[in-house]
Amino acid sequence: MAKITLDNLAHSYLPNPKSEDDFALKELNHDWDDGAAYALLGASGCGKSTLLNIISGLLHPSQGRILFDGQDVTHAPTAERNIAQVFQFPVVYDTMTVHDNLAFPLRNRGRDEAYVAARVQEIAKMIGMEDMLKKKARGLTADAKQKISLGRGMVREDVNAILFDEPLTVIDPHMKWELRTQLKQLHRQFGHTMIYVTHDQTEALTFADKVVVMYDGRVVQMGTPEELFETPAHTFVGYFIGSPGMNLLDARVEGNRAHLQGATVELGAAYGPVSGRTQIGIRPEYTVLTSGEGLPVRIRRVEDVGRHRLVRAEAAGQALNIVVPEGLPISADMSHVSFVADRINVYADDWRVQGQPAGKAA
Amino acid sequence: MEKTVNNKAWFLVLPVLVIVAFSAVIPLMTVVNYSVNDTFGNNEFFWAGLEWFEEMVTSSRLHDALGRQILFTAIILSIQVPLGIFIALNMPKTGFWASVCLVLMALPLLIPFNVVGTIWQIFGRVDIGLLGHTLAALGIDYNYTNDPLDAWLTVIVMDVWHWTSLVALLAYAGLQSIPQAYYQAAEIDQASRWAVFRYIELPKMKGVLLIAILLRFMDSFMIYTEPFVVTGGGPGNSTTFLSIDLVKMAIGQFDLGPAAAFSIMYFLVILLVSWVFYTVMTNLDREEAK
Chain A
1 MAKITLDNLA HSYLPNPKSE DDFALKELNH DWDDGAAYAL LGASGCGKST LLNIISGLLH
61 PSQGRILFDG QDVTHAPTAE RNIAQVFQFP VVYDTMTVHD NLAFPLRNRG RDEAYVAARV
121 QEIAKMIGME DMLKKKARGL TADAKQKISL GRGMVREDVN AILFDEPLTV IDPHMKWELR
181 TQLKQLHRQF GHTMIYVTHD QTEALTFADK VVVMYDGRVV QMGTPEELFE TPAHTFVGYF
241 IGSPGMNLLD ARVEGNRAHL QGATVELGAA YGPVSGRTQI GIRPEYTVLT SGEGLPVRIR
301 RVEDVGRHRL VRAEAAGQAL NIVVPEGLPI SADMSHVSFV ADRINVYADD WRVQGQPAGK
361 AA
Chain B
1001 MEKTVNNKAW FLVLPVLVIV AFSAVIPLMT VVNYSVNDTF GNNEFFWAGL EWFEEMVTSS
1061 RLHDALGRQI LFTAIILSIQ VPLGIFIALN MPKTGFWASV CLVLMALPLL IPFNVVGTIW
1121 QIFGRVDIGL LGHTLAALGI DYNYTNDPLD AWLTVIVMDV WHWTSLVALL AYAGLQSIPQ
1181 AYYQAAEIDQ ASRWAVFRYI ELPKMKGVLL IAILLRFMDS FMIYTEPFVV TGGGPGNSTT
1241 FLSIDLVKMA IGQFDLGPAA AFSIMYFLVI LLVSWVFYTV MTNLDREEAK
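Those sequence lines, one after another, are chains A and B.
Mapped onto our numbering, the consecutive letters of the first sequence carry residue numbers 1 to 362.
Mapped onto our numbering, the consecutive letters of the second sequence carry residue numbers 1001 to 1290.
Everything labelled a hint here was simulated from the structure, so no lab data went into it.
There's no promise every hint is true.
Here are the computed lysine-lysine pairs in the BS3-like style, where the Cα-Cα straight-line distance is at most 25 Å [stated by the list, open to error]: (1) A:Lys210 x A:Lys184; (2) B:Lys1093 x B:Lys1206; (3) A:Lys210 x A:Lys3; (4) A:Lys135 x B:Lys1206; (5) A:Lys135 x B:Lys1204; (6) A:Lys176 x A:Lys135; (7) A:Lys136 x B:Lys1204; (8) A:Lys26 x A:Lys176; (9) A:Lys136 x A:Lys176; (10) A:Lys3 x A:Lys18; (11) A:Lys176 x A:Lys125; (12) B:Lys1206 x A:Lys136; (13) B:Lys1204 x B:Lys1093; (14) A:Lys134 x B:Lys1204; (15) A:Lys134 x B:Lys1206.
Derived, one-sided and incomplete: chain B residues facing chain A with beta-carbon distance under 8 Å [claimed, not checked]: (16) Asp1147; (17) Ala1181; (18) Tyr1182; (19) Gln1184; (20) Ala1185; (21) Glu1187; (22) Ile1188; (23) Gln1190; (24) Ser1192; (25) Ala1195; (26) Tyr1199; (27) Ile1200; (28) Pro1203; (29) Gly1232; (30) Gly1234.
Simulated restraints on C-beta separations [as the list claims (entries may be wrong)]: (31) A:Phe89 x B:Arg1193: 16 to 24 Å; (32) A:Ala117 x B:Thr1225: 53 to 61 Å; (33) A:Arg109 x B:Thr1225: 49 to 57 Å; (34) B:Leu1104 x A:Lys18: 30 to 38 Å; (35) B:Arg1193 x A:Asn16: 30 to 38 Å; (36) B:Arg1193 x A:Glu303: 50 to 58 Å; (37) B:Asn1283 x A:Lys18: 57 to 65 Å; (38) A:Gln182 x B:Phe1086: 37 to 45 Å; (39) A:Ala263 x B:Gln1180: 47 to 55 Å; (40) B:Gln1180 x A:Glu230: 38 to 46 Å.
By construction, the Cβ of each residue, glycine as well, lies at the ideal position given by its N, Cα and C atoms.
Looking at chain A on its own, in the form it has when it is part of the complex (with noise of 0.2 Å):
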């Protein structure tokens, strides 16, 4: 196992890049600490498995170094780098059975048998998968073959890190959960450094202890789920995560007041000058409808999703959504909305501005 640094870490497809748009992945410094879970969280195509493809070893960067506990693997190839990989499709040898599907990595590496069967043995424990050892892998469902890519990757105790590429895409949603707890268990109990690309937020958050952001090449955030949730460092994160996303509201922001098109929102803390195209952010969950406080709305849909209704509505000029608990009643009368205070945070072009707590400066 072993700490991951990407060092000025950049990546392009094309030969001869000329502007950063022409990088699928752009500038990166970043750590991977020993042991710990990532989730790789973005859209398609923002780079998500073009970083991983990079520290496997599969594509090699355009410019800067990567370090495995400080060594230079820059140049070293897949097989040297003790990586595992895990595929969205599953990727299983059809023509030998589960048993030497997982003894395949220690055959080519010429362990001897008697430690390949011990090794193969156990893992087969630790995936579930002992009775099913002298079955051919081809006639296994899909999440009996991802469980076997993992399992090979695990196989070798020299593993450096076992990387994901969206491993549960093809997995039926029911068997989904519980994957994912059985990863989470083995990350528990033999804590390998584990690095998992999604474009789910749910797997992402409940999956890592760390989140990493991507949006258009860049990481725009890396945190714990809770602070990409309350603090979203730029507007992607805050659109990306929640469900709905974060309201974004175009304003004018002075000191602790923000101004929409003639009303004024009072804000949790003092902002200096804000220069750009300047956003407040506003969770669903922390806006209230009221009948007279705060912004006049004009509500277009109430939807029932269950444990709360969400009301689509439109307020100075721009959408809003507002979650609204179970429970609490919408009248006719509710014509106003109010925000908690302290859960806005201010945006200019898209990064989020950090502000001063209130009564400290004007």
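Keeping the supplied structure of chain A fixed, place chain B upon it in accordance with the hints.
This is chain B only, laid out in the frame that chain A set:
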């Protein structure tokens, strides 16, 4: 749901039955008719029973031709299948050169059989052929018209040139269907080049390869036009394969009875081998899914 019974539907099948009858069943029955009768022309037939079959089964001429045929097919398969796979493995997977390779590979398949024969017949001639003349100039004693070995070599090389593309293209199609993740996983598992071939590429190509082998078996076992044009079955009888012998017997000597018995047995052998092949193929498939 109630099923509608309407026997008029049979009329819809009728056209195809008529076409198959005229194109296959009736001609085949004519052959059956010839095989159990003796005739001296004028559509007069004398019942001969299984006489012709007995004669053919014990005929050493047929045994020799069958031996040559089996040898030829075995050589053809053992060259074309590995060579086709090898070519497919080394063809570029994408880009401009992939298209160029595909067109080049498909080219021999598009040339009519007798033209292929003529090309090689001239190509191999010692007096004017590029190949024959060059070999002669190098001091190699090569002449397919009077040396049986040279004749065999010419016919085999010609067939390899003509048909390896088919195996290669089928294998290539099989290879193209392998997702990139398999190669990446193999790289991570430190699989050797041989292991990648043995455990990833070969299993994925198996289906198309069996089809390729079946097609190449049938075609090479029935080969007629190309060796007929190049060597005419000679020198002597050295390249007289089954179908060449059959035509000699039927059209050359007008032994229609024996020739008919011969062709029926020939047909049954090919049918039998293809059926065995198919059964083994599907069984292997089922076995593996277990």
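State, for the Cβ atoms of leucine 1104 (chain B) and lysine 18 (chain A), whether the hinted interval 30 to 38 Å holds or is violated.
Once the Cβ atoms are compared, 36 Å apart, the range 30 to 38 Å for lysine 18 (chain A) and leucine 1104 (chain B) holds.
Holds or violated: is there a CB of chain A closer than 8 Å to the CB of aspartate 1147 (chain B)?
violated, 45 Å
Please check whether alanine 117 (chain A) and threonine 1225 (chain B) have a Cβ separation lying inside 53 to 61 Å.
holds, 58 Å
Verify the proposed pairing of lysine 135 (chain A) with lysine 1206 (chain B), using a straight-line Cα cut of 25 Å.
holds, 20 Å
Pairwise hint evaluation, lysine 125 (chain A) against lysine 176 (chain A), where the allowed Cα distance is 25 Å at most:
Holds, at about 20 Å.
Consistency of beta-carbon spacing, glutamate 230 (chain A) to glutamine 1180 (chain B), with hint 38 to 46 Å:
holds, 39 Å
Please check whether asparagine 1283 (chain B) and lysine 18 (chain A) have a Cβ separation lying inside 57 to 65 Å.
holds, 58 Å
Given the proposed pairing of lysine 210 (chain A) with lysine 3 (chain A), does the C-alpha separation stay at or below 25 Å?
OK: lysine 210 (chain A) and lysine 3 (chain A) at ~15 Å, within 25 Å.
Is 47 to 55 Å a correct range for the gap between the Cβ atoms of alanine 263 (chain A) and glutamine 1180 (chain B)?
Given range 47 to 55 Å: holds, Cβ gap about 54 Å.
How about glycine 1234 (chain B): closest beta carbon in chain A under 8 Å, or not?
Glycine 1234 (chain B) check fails; min Cβ-Cβ to chain A is 47 Å, beyond 8 Å.
Given hint lysine 18 (chain A) paired with lysine 3 (chain A) - CA-CA distance at most 25 Å
violated, 32 Å
With a cut-off of 25 Å on the C-alpha distance, tell me whether lysine 176 (chain A) and lysine 135 (chain A) pass.
Judged against 25 Å, a Cα distance of about 23 Å means the pair holds.
Hint violations for this structure: numbers 8, 10, 16, 29 and 30, all remaining hints satisfied.
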